[in-house]
Amino acid sequence: MKKADSSISAIYGFKSGDKIVRPLFSSGVSAGFPSPADDYIERHLDLNEFLITTPAATFFIRVSGESMTGSGIYHNDILIVDRSITPSSGKIVIAIVNGELTVKKLHKTHNTCLLIADNPSYEDIKINKETDLEIWGVVTSSIHIL
Amino acid sequence: MPILLIDCNNFYVSCERLFDPSLRHKPMVVLSNNDGCVISRSNEAKRLGVKMGIPLFKCMPLINRYHIKLFSSNYALYGDLSHRVMQTLKQMENSVEVYSIDEAFIDIPSCDNITAYAKKIKLCVESNIGIPISIGIGLTKTMAKIATSIAKKDPSLNGIYNMIEADTDNILAKYPVADLWGIGKRYAIILKGINIITAQDLKSCDHERLRKKISINGVKTSLELRGIKCFDIDNSPDPQKSLTYSKSFGRKVQLLSDLEEAISTYTATASAKLRKKKIKACCVEVRLATSSYDKKHYQAKKFINLISPSSDTIILTSTALSGLREIYKPHFDFQKVGITLHDLIHEESYHQKSLIYDSVNENTALMRVMDSINHKWGDTTIQLASAGTRKSWLNKREFKSSSYTTKWNELPIARAS
Numbered sequence: 001m002k003k004a005d006s007s008i009s010a011i012y013g014f015k016s017g018d019k020i021v022r023p024l025f026s027s028g029v030s031a032g033f034p035s036p037a038d039d040y041i042e043r044h045l046d047l048n049e050f051l052i053t054t055p056a057a058t059f060f061i062r063v064s065g066e067s068m069t070g071s072g073i074y075h076n077d078i079l080i081v082d083r084s085i086t087p088s089s090g091k092i093v094i095a096i097v098n099g100e101l102t103v104k105k106l107h108k109t110h111n112t113c114l115l116i117a118d119n120p121s122y123e124d125i126k127i128n129k130e131t132d133l134e135i136w137g138v139v140t141s142s143i144h145i146l
Numbered sequence: 147m148p149i150l151l152i153d154c155n156n157f158y159v160s161c162e163r164l165f166d167p168s169l170r171h172k173p174m175v176v177l178s179n180n181d182g183c184v185i186s187r188s189n190e191a192k193r194l195g196v197k198m199g200i201p202l203f204k205c206m207p208l209i210n211r212y213h214i215k216l217f218s219s220n221y222a223l224y225g226d227l228s229h230r231v232m233q234t235l236k237q238m239e240n241s242v243e244v245y246s247i248d249e250a251f252i253d254i255p256s257c258d259n260i261t262a263y264a265k266k267i268k269l270c271v272e273s274n275i276g277i278p279i280s281i282g283i284g285l286t287k288t289m290a291k292i293a294t295s296i297a298k299k300d301p302s303l304n305g306i307y308n309m310i311e312a313d314t315d316n317i318l319a320k321y322p323v324a325d326l327w328g329i330g331k332r333y334a335i336i337l338k339g340i341n342i343i344t345a346q347d348l349k350s351c352d353h354e355r356l357r358k359k360i361s362i363n364g365v366k367t368s369l370e371l372r373g374i375k376c377f378d379i380d381n382s383p384d385p386q387k388s389l390t391y392s393k394s395f396g397r398k399v400q401l402l403s404d405l406e407e408a409i410s411t412y413t414a415t416a417s418a419k420l421r422k423k424k425i426k427a428c429c430v431e432v433r434l435a436t437s438s439y440d441k442k443h444y445q446a447k448k449f450i451n452l453i454s455p456s457s458d459t460i461i462l463t464s465t466a467l468s469g470l471r472e473i474y475k476p477h478f479d480f481q482k483v484g485i486t487l488h489d490l491i492h493e494e495s496y497h498q499k500s501l502i503y504d505s506v507n508e509n510t511a512l513m514r515v516m517d518s519i520n521h522k523w524g525d526t527t528i529q530l531a532s533a534g535t536r537k538s539w540l541n542k543r544e545f546k547s548s549s550y551t552t553k554w555n556e557l558p559i560a561r562a563s
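Those protein sequence lines, which keep their order, are chains A and B.
Residue numbers for the first sequence follow this note's numbering, beginning at 1 and rising by one.
Residue numbers for the second sequence follow this note's numbering, beginning at 147 and rising by one.
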């Protein structure tokens, strides 16, 4: 008969605590010569982190039409639009023109305001006091599926 | 330390207008589940006489005469935009209590110009999210609520009202006690009996008398009107104790098979929510009811305790179905069935009640696969057979707008032309 070589001295409940994050190193610890990569910590590359600075103010909008192909924006692309960025001359924006969302490049001088389409076959929209212009948000990137 | 109440204006209507600016300045309403009643109105619809809560069929003449636009409730959109508003507030301030889908209280450490700071918050939310808000400022939550209602009613205030610097007694003397937060119509009738009609009357009345008539909360409201905080900001809400999924049907339902489909569908959604929050339920409640207006009225409920806590769709559905079968009676026109999962506990914190049954019946790997498929392809891509495919009892949402911020194939569209 096998001799009992252990006995239970106590039972503890599992207590879940806060997570403590520690960096993951690319190779195990060894007693010999260290790898140059040991000084570098691995991490995942996160598209959200790369493309979006203010998540609460960022929206995705799909493009319909060809007027912005000169800026690399094509029909059916998904635009990443940040409402927290102040619109300025030269930026691609989503503008509300006559109740509709449109994609244009904003061009401001001290006395004029233009919404420019890149594609030369589309006309620029000149904004004056009568046109109801509002910038909905600034386009930061465009996602184009090949 | 003043309290701010942030309140989104006509919230559901504002959400719809964000992605369809052509709706601005137009009369429009949003309807409740099953397109039953009006639950949000634009200012234009209010001016045309559409009352809050009115059943749709009652206001159809108004709707048709003025071409008032109708929208079914789009909670996926409203929930997402609400979350964005609250996140924006939390980034500006530490002490934020999310009170409802469109309201939050903020406790501000004393600052020099509180009204200017409120303007800054308003500008930030409105430009970042695009939802118009009103802000009321007061010494207590009750007074902040009064201030917000004043801010909303008077356009010259531009959406912000600071009651701290105002003639409080004068304002309270004109404010009906029924409109106070925490009072309401029922208490107002009781208070009228002891000559308390305005908020000022409530503020200055005898507290012993008040406690006897409408409980300690009435006394707390009175103290709040005096500038004494009784309701604190609650940054960390109590953990959820139960989860309910209950909906009215699109038509009256008589057959047990239809009720079983509905309960299975609801339980699947509720179970997926539990797994997402990493919580389990200890008790299942099933409820069944006809309309209370029906001559032949029936309602019943059944509680079943689980052998061990579970978030498994199969276990919870079979438990719910057995409960339903016990309370079902034929030849009734049922309007509603619902499931509530009670005694919710976090997965990691529960102690095993039974070593024999624990985890034997749980299909953890299967649930993981189900969740991952449904997450990728849509909520009802894979379901239990008992949830059915035809679902002829589903409620109506005839006028629903797109899931602009929650479905890739329903994004808002901007024209490049």
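Everything labelled a hint here was simulated from the structure, so no lab data went into it.
Warning: the hint list may mix true and false statements.
Unchecked claim - Straight-line C-alpha distance at most 20 Å; calculated EDC-like pairs for lysine to aspartate or glutamate:
#1 B:K522 - A:E42
#2 B:K266 - A:D82
#3 B:K215 - A:D77
#4 B:K553 - B:E249
#5 B:K266 - B:E249
#6 B:K172 - A:E100
#7 B:K423 - B:D325
#8 B:K475 - B:E508
#9 B:K422 - B:E472
#10 B:K482 - B:E472
#11 B:K268 - A:E134
#12 B:K546 - B:D517
#13 B:K475 - B:D525
#14 A:K91 - A:D46
#15 B:K172 - A:E134
#16 B:K236 - A:D82
#17 B:K236 - B:D253
#18 B:K393 - B:D380
#19 B:K553 - A:D82
#20 B:K268 - A:D82
#21 B:K387 - B:D440
#22 B:K393 - B:D378
#23 B:K197 - B:D325
#24 B:K553 - A:E134
#25 A:K91 - A:E134
Said to hold, decoys possible - Across the chosen pairs, the derived CB separations fall in these ranges:
#26 A:I78 - B:A319: 32 to 40 Å
#27 B:K422 - A:L114: 24 to 32 Å
#28 A:S64 - B:I343: 39 to 47 Å
#29 A:N98 - B:D258: 41 to 49 Å
Unchecked claim - Stretch by stretch, here's where chain B covers chain A in the computed footprint (C-beta under 8 Å, at least three residues):
#30 42-56
#31 59-67
#32 87-93
Ideal placement from N, C-alpha and C gives every residue a C-beta, glycine not left out.
Hint-by-hint comparison with the structure:
no.	hint	verdict
1	B:K522 - A:E42	violated (28 Å)
2	B:K266 - A:D82	holds (19 Å)
3	B:K215 - A:D77	violated (30 Å)
4	B:K553 - B:E249	violated (25 Å)
5	B:K266 - B:E249	holds (17 Å)
6	B:K172 - A:E100	holds (15 Å)
7	B:K423 - B:D325	violated (37 Å)
8	B:K475 - B:E508	violated (31 Å)
9	B:K422 - B:E472	violated (30 Å)
10	B:K482 - B:E472	holds (16 Å)
11	B:K268 - A:E134	holds (18 Å)
12	B:K546 - B:D517	violated (26 Å)
13	B:K475 - B:D525	violated (31 Å)
14	A:K91 - A:D46	violated (25 Å)
15	B:K172 - A:E134	holds (18 Å)
16	B:K236 - A:D82	holds (19 Å)
17	B:K236 - B:D253	holds (11 Å)
18	B:K393 - B:D380	violated (30 Å)
19	B:K553 - A:D82	holds (18 Å)
20	B:K268 - A:D82	holds (18 Å)
21	B:K387 - B:D440	violated (33 Å)
22	B:K393 - B:D378	violated (33 Å)
23	B:K197 - B:D325	holds (17 Å)
24	B:K553 - A:E134	violated (26 Å)
25	A:K91 - A:E134	holds (14 Å)
26	A:I78 - B:A319: 32 to 40 Å	violated (56 Å)
27	B:K422 - A:L114: 24 to 32 Å	violated (48 Å)
28	A:S64 - B:I343: 39 to 47 Å	violated (58 Å)
29	A:N98 - B:D258: 41 to 49 Å	holds (43 Å)
30	42-56	holds (count 3)
31	59-67	holds (count 9)
32	87-93	violated (count 0)
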